[in-house]
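Visitor: Given the coordinates of chain L, work out where chains H, G and C should sit on it, guided by the hints.
Residues per chain are reported as follows:
Number of protein chains: 4
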Amino acid sequence: MKKLTFGMVGGGQGAFIGEIHRRGVLLNDLAEMKAGCFSRSYDKSLKTAEAWSIAPERVYRTYQEMAEAEAGREDGIDFVIIVTPNVSHYEIAKCFMEHDIHVMCDKPLAMTTEQAEELQTIAKEREIQFGMTYTYTGYPIIRQAREMIRNGAIGDIVHVRVQHPEDWVIESVSPEQEKDAKLPWRFDPACVGSALCTGDLATHAEQMLVQFTGLHVKRVLAMFDTYPKYLSLETNTTVLLDLGDGIQGELWASQIAIGKPCAAGIYVIGTEGALEWNHETPSILRYTKRNGTTQLLEAGREYIYQESSRLCYASVGHHDGFNEAFGTIYRSYCEVLLAKKENREPENYTFPTIDDGVDGMRFVEACVESHKKGNVWVDVRK
Amino acid sequence: MKKLTFGMVGGGQGAFIGEIHRRGVLLNDLAEMKAGCFSRSYDKSLKTAEAWSIAPERVYRTYQEMAEAEAGREDGIDFVIIVTPNVSHYEIAKCFMEHDIHVMCDKPLAMTTEQAEELQTIAKEREIQFGMTYTYTGYPIIRQAREMIRNGAIGDIVHVRVQHPEDWVIESVSPEQEKDAKLPWRFDPACVGSALCTGDLATHAEQMLVQFTGLHVKRVLAMFDTYPKYLSLETNTTVLLDLGDGIQGELWASQIAIGKPCAAGIYVIGTEGALEWNHETPSILRYTKRNGTTQLLEAGREYIYQESSRLCYASVGHHDGFNEAFGTIYRSYCEVLLAKKENREPENYTFPTIDDGVDGMRFVEACVESHKKGNVWVDVRK
Amino acid sequence: MKKLTFGMVGGGQGAFIGEIHRRGVLLNDLAEMKAGCFSRSYDKSLKTAEAWSIAPERVYRTYQEMAEAEAGREDGIDFVIIVTPNVSHYEIAKCFMEHDIHVMCDKPLAMTTEQAEELQTIAKEREIQFGMTYTYTGYPIIRQAREMIRNGAIGDIVHVRVQHPEDWVIESVSPEQEKDAKLPWRFDPACVGSALCTGDLATHAEQMLVQFTGLHVKRVLAMFDTYPKYLSLETNTTVLLDLGDGIQGELWASQIAIGKPCAAGIYVIGTEGALEWNHETPSILRYTKRNGTTQLLEAGREYIYQESSRLCYASVGHHDGFNEAFGTIYRSYCEVLLAKKENREPENYTFPTIDDGVDGMRFVEACVESHKKGNVWVDVRK
Amino acid sequence: MKKLTFGMVGGGQGAFIGEIHRRGVLLNDLAEMKAGCFSRSYDKSLKTAEAWSIAPERVYRTYQEMAEAEAGREDGIDFVIIVTPNVSHYEIAKCFMEHDIHVMCDKPLAMTTEQAEELQTIAKEREIQFGMTYTYTGYPIIRQAREMIRNGAIGDIVHVRVQHPEDWVIESVSPEQEKDAKLPWRFDPACVGSALCTGDLATHAEQMLVQFTGLHVKRVLAMFDTYPKYLSLETNTTVLLDLGDGIQGELWASQIAIGKPCAAGIYVIGTEGALEWNHETPSILRYTKRNGTTQLLEAGREYIYQESSRLCYASVGHHDGFNEAFGTIYRSYCEVLLAKKENREPENYTFPTIDDGVDGMRFVEACVESHKKGNVWVDVRK
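Just so you know, the protein sequences line up as chains L, H, G and C, in that order.
Just so you know, our numbering puts 161 at position 174 of the first sequence, and the rest follows in order with no gaps.
Just so you know, our numbering puts -10 at position 3 of the second sequence, and the rest follows in order with no gaps.
Just so you know, our numbering puts 50 at position 63 of the third sequence, and the rest follows in order with no gaps.
Just so you know, our numbering puts 180 at position 193 of the fourth sequence, and the rest follows in order with no gaps.
Bear in mind the hints are in silico, worked out from the structure with no lab data behind them.
Hints are not guaranteed to be accurate.
A pair counts as met if it fits within one copy or between any two copies, since identical chains are not told apart.
Said to hold, decoys possible - In silico DSS-like cross-links for lysine-lysine, where the CA-CA straight-line distance does not exceed 27 Å:
hint, residue 1, residue 2
1, 327, 81
2, -11, 328
3, -10, 327
4, 276, 216
5, 31, -11
6, -10, 81
7, 81, 31
8, 327, 276
9, -10, 111
10, 205, 216
11, 328, 94
12, 276, 328
13, 359, -10
14, 359, 276
15, 94, -10
16, 216, 31
17, 360, 31
18, 359, 34
This structure is a prediction, so every number in the text was calculated from the model and none was measured.
Just chain L, same shape as in the assembly (with noise of 0.2 Å):
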């Protein structure tokens, strides 16, 4: 099967998002990675690179040399992923639009709204298939709710209620910065722009209501707290919304919520019923029609929409991350077998060994005989 063909700008080595942008294109075999200009040292590009497998000549020391050169290439890459800081992000996005290269650019798209819309604006006349990672949005269920509230499950919208509560701000500020008043980079306005909350996480709300409801945002009334007190942007926000046509709505944000590192979630009131979902469990989605019974309604089941089942990469019952329940002991497999070939040491990692599958056959046929006899003890084999 042709596949497409993709470059990253950004992400290298150390860079935690990068390698979740590119797990995420991995996992589904429609694209492979074949350029990029990680940083913007190109020692570390090209050490990425070589982790990734990338070939060294289309690996570039800058983004413009880079755009320039894939549009150049008959075989140039097809779409650009944008995991730089949100800075760059409008000047990136730009010059791979003017040489008619696709966009992939990890939220938000720039710092003001003037760059946001020039950018729509070149995107729109070129042609450019320009998406945006709201990671949230991407859980299979919440395709389901899409759906199930265009085909009228719900009745017509009343009301909506969305939050993204984190901690993450509270967890890492310590009592000792505050005292020094030394701040890390991303509480700079000059970094992160106007907004620290907002940008960071009420945007994610945000786009949960789109993705979810269909409906946007018309008008807002936002208040803000900030804490820990020193700092010059705020780290809560709370905004009541007007969606249209009558219907309102509330958004809280926090990056300050102690206990809730991610309870994103949202509750839609309709005249025939109402869905909630939260990110404690993202597989399901509660679904109550109006004197109904609440009904839980699971990814992947035979009665889910095949536009949301489809997205599933685990079967029913899995969270999606039993992808990764693999890759934890795949690593620790391949941890200790590095380690053997290269006669270190390996670090302290476990995995299930052949003793194990050979006890798990032991514990089977015991078992087998138990019942047979009528329920006796029956010795596991040693």
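Guide: Just chains H, G and C now, with coordinates in the frame of chain L:
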């Protein structure tokens, strides 16, 4: 960095499980697939190889040929993954070990204990690193439990309860089949061995017990149920457990647990506390000290042991399913882009676009303005 | 032991709420019902009296007659419970206070803030012990939260979120009524006052905030929704809260929250931790120390403060229900009144008082004004 | 309305359980307490009587005196509640029945099956209405499950799992006691009989199974654990169940389940669906139709059977607690007894009877025998 290389036997196109294993390896960037015998049909094998970018010269007609050829190459594979039906695990694993190739084998290890023990002997003699993919033990927080128990967090273990209920058999065997007594091969003793639910699911529970507690099953007393009644093997298994040193426990596995697609779980009582884990919230460990509060320990948090937290693919609060949430966005994006390139009408995939990105910027700016003006309504510019 | 005696106005047969209040008292054996004017129908009153074993000579035709007669008896009632429709609370409470009889009044206190404040003045002047049955604050674990916050368990409060969604209006108003525009009296402004959901349910949330945190609402910014649309008053209320000293919060109450029959809850973020309670598991308090695990505190356990655990009617692990929530309010009220009568210093029991009732009226009025003025900040009058 | 009258043996001041039973009756206004022998100390009995407003002339020095006197009075009590320590249930119940006074007895019914069967014979001969307070079966939603199963909601029952874990023994027995080997009387076989956890808690689970499913235990295979080890009786009980007609199940009860103060629950698989209930959310019933969604049924909702919903003391969404669970058993008992007295056909109320009490004794004895014989199947004597 030097990577390992591996091959696969079985798992060709259409075989769900091959893809899951491959993804499990890919998540880590520690090993590359270089060879395979993915199907009895060579054609099908070649197609799978193409999809996975395996060189045609390392696609083999038989696993014997593969073992021999790879053992003879300078750059031969370091390990093989066996994902064929249960009945052939034994012969394939034996063959690769005899060529000194390391093995990762899907569970169960073999069809009989005798076969399993023979494989164990070979593995020991030849110093083969032989892993088994008991998947559920791969969740990072399971490793946390193991370390806590070793470090005395619950004192001495008193009693253990472990379960692995699913509902796939009762949900997939229709009344029509009941009438015709026509059954899929996977219910046939000739294919699956002497036990159905016990081999399929009770072994997962047994292995969870081993990895979580460090204990092993010494004696069993088992009770089987068979429903639908026309099946010849059990679909529900209850086992009393003697775990040695006076410790007892209970194990339940089911393929007919309606409403419980995969409610795996374990609960361990010790003299000084208890630990509990459930697959439904796989990143949470419940820990209660004797006379204390119940604490919810979350994967990846600061207070988690490094042996566990290094296994997380996502940041704290993000289920390991986070990667797949990215994945579905990339899948939708790529499916649409591929259709465009091939001048096909794309299927109904959706993903956040630049319009959503622009809306997000407008939303943030409007919120900032609303807050600054003293919490008044502000239009989200359009 | 000497018991208190009490009477009741309203709550006759068929009035669900009278029975609930009576049971709330009966649970404690601190007071006996001895008099009543249970209905405007004397016959109905007599029947209720018979069912509850009240002597016929202490069943009255009017509340005025009852207040006068009981005030004149040597063994007259110590306090009266008022459970009539909202519109008559004011006049009845006033009448009994003027006869120096203590009062427990169902919420809301009156129809207007002016009435409420007048009652407050009388109560102060005549040293009336005036309680209010804001039921949800009666769950024993709420008292635990209050003490923990006072003792610094979460540091200084940063942000508060409180909610009281129910679904009784949308579940009980049928499409037929919608067509006929015929509505039960309880949706009529003449009977319920200037607000529907805000007076009915937002006041419960507001009082929960007060009892849980010790904070009071200084300013509100309210947004109302009205569904079904033919109603003249709001059925869904969202309020931004100014709690003084830079502390902000949010309150949501609803009568149309399909799937949430009574999902009352509160979440409080402090500088050193967070506390959360939900009515769905009313014996559990979630407590997370900054950088710590989330702990589940259970009512009645050894580690619970005595102020809270003495309020439990059942042993640990055994739920107290709605009747018991009433019961703890009556217990606290009676314990304090008994101590007063016996010239003892009362133990540290707390219950909602007339001051809370007055605050509730002010809160509702401020919300209505804020909504009418287009969602602006309005002071809660003091 | 004519009320029943009753007396109590045991339950005097300081005895927690007497108060719980009394409240259970009081919740219903169907019966009044008029007589008692609350303690072996006549003084203590008189004080209890005063607190509960019982006339001194109906406070008795012995239960024999009470039975005789009350039987001789025109207005003698209709029924007696027995809440003494287990060891005296037999003789007291016998005495009152021989005076033709109806009985409500705390569980267990007696110390041996022989005693229990003798009481059963007397009750039949004398047409005594003999109830047993197996409390957990009193939650209204349990009755809903019973009716649903009878009406075929889950088809034919296939497998049943029931549990009643608590942690009171391990939480209350301190290491100091362990050293001294000094134990409270309630761990002494002379006081509690031949079983500890099995009689105390497994019987609750067994009765839950009976009330919920309508099935009865035919054979048991029991495994006991004893911790702390210096106790002479078991504190953790696991039982394989033969429920007749090829239906099997499992029962777990524990007094050492750290972190589970009262996690009673039941899960029933049928050919067409499953039902599940947990004490932690006692108003919710989980119902899954084969191939359908999981539905949460809430006590008191419109769609709930009238047999169940009439038992709710609070409106929907408002919890009934432990006292109310007692209350519904007393309500059902009194409704049937009143109908009998008035020669009416009683409505369809159900409650645990002496037959259930006898079955409970047989169940315990069979479990003890099974454990002692090395975990073999033992018939539950009939």
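Visitor: Run every hint past the structure and note whether it holds.
Guide: How the hints compare with the structure:
For the identical chains of this complex, residue 327 and residue 81 are neighbours both inside a copy (21 Å) and across copies (21 Å), given an alpha-carbon limit of 27 Å. For a Cα distance limit of 27 Å, the shortest separation of residue -11 from residue 328 qualifies both inside one copy, at 10 Å, and across copies, at 10 Å. For a Cα distance limit of 27 Å, the shortest separation of residue -10 from residue 327 qualifies both inside one copy, at 13 Å, and across copies, at 13 Å. Taking the shortest Cα distances, residue 276 and residue 216 sit within 27 Å of each other only across copies (19 Å), while inside one copy they are farther apart (44 Å).
In this assembly of identical chains, the alpha carbons of residue 31 and residue -11 lie at most 27 Å apart only when taken from different copies (17 Å versus 31 Å within one copy). In this assembly of identical chains, residue -10 and residue 81 lie within 27 Å of each other by CA distance solely inside one copy; the values are 25 Å within and 36 Å between copies. For the identical chains of this complex, residue 81 and residue 31 are intra-copy neighbours only, at 24 Å inside a copy versus 43 Å across copies, given an alpha-carbon limit of 27 Å. Taking the closest pair of Cα atoms, residue 327 and residue 276 never come within 27 Å of each other, the shortest separation being 39 Å inside a single copy and 39 Å across copies.
Within a single copy, residue -10 and residue 111 get their C-alpha atoms as close as 25 Å, which meets the 27 Å cut-off; across copies the closest is 43 Å, which misses it. Taking the shortest alpha-carbon separations for residue 205 and residue 216, only the inter-copy value of 21 Å comes in at or below 27 Å, while the best intra-copy value is 31 Å. Taking the shortest alpha-carbon separations for residue 328 and residue 94, both the intra-copy value of 25 Å and the inter-copy value of 25 Å come in at or below 27 Å. Taking the shortest alpha-carbon separations for residue 276 and residue 328, neither the intra-copy value of 43 Å nor the inter-copy value of 42 Å comes in at or below 27 Å.
Proximity of residue 359 to residue -10 under the C-alpha cut-off of 27 Å is found in neither arrangement, the shortest distances being 49 Å within a copy and 49 Å between copies. When the C-alpha separation of residue 359 and residue 276 is checked against a cutoff of 27 Å, the pair qualifies neither within a copy, at 41 Å, nor between copies, at 32 Å. Proximity of residue 94 and residue -10 under a CA criterion of 27 Å is satisfied intra-copy only: 25 Å inside one chain copy versus 32 Å between copies. For a Cα distance limit of 27 Å, the shortest separation of residue 216 from residue 31 qualifies neither inside one copy, at 37 Å, nor across copies, at 61 Å.
Taking the shortest Cα distances, residue 360 and residue 31 never come within 27 Å of each other, neither inside one copy (46 Å) nor across copies (46 Å). For the identical chains of this complex, residue 359 and residue 34 are neighbours neither inside a copy (46 Å) nor across copies (46 Å), given an alpha-carbon limit of 27 Å.
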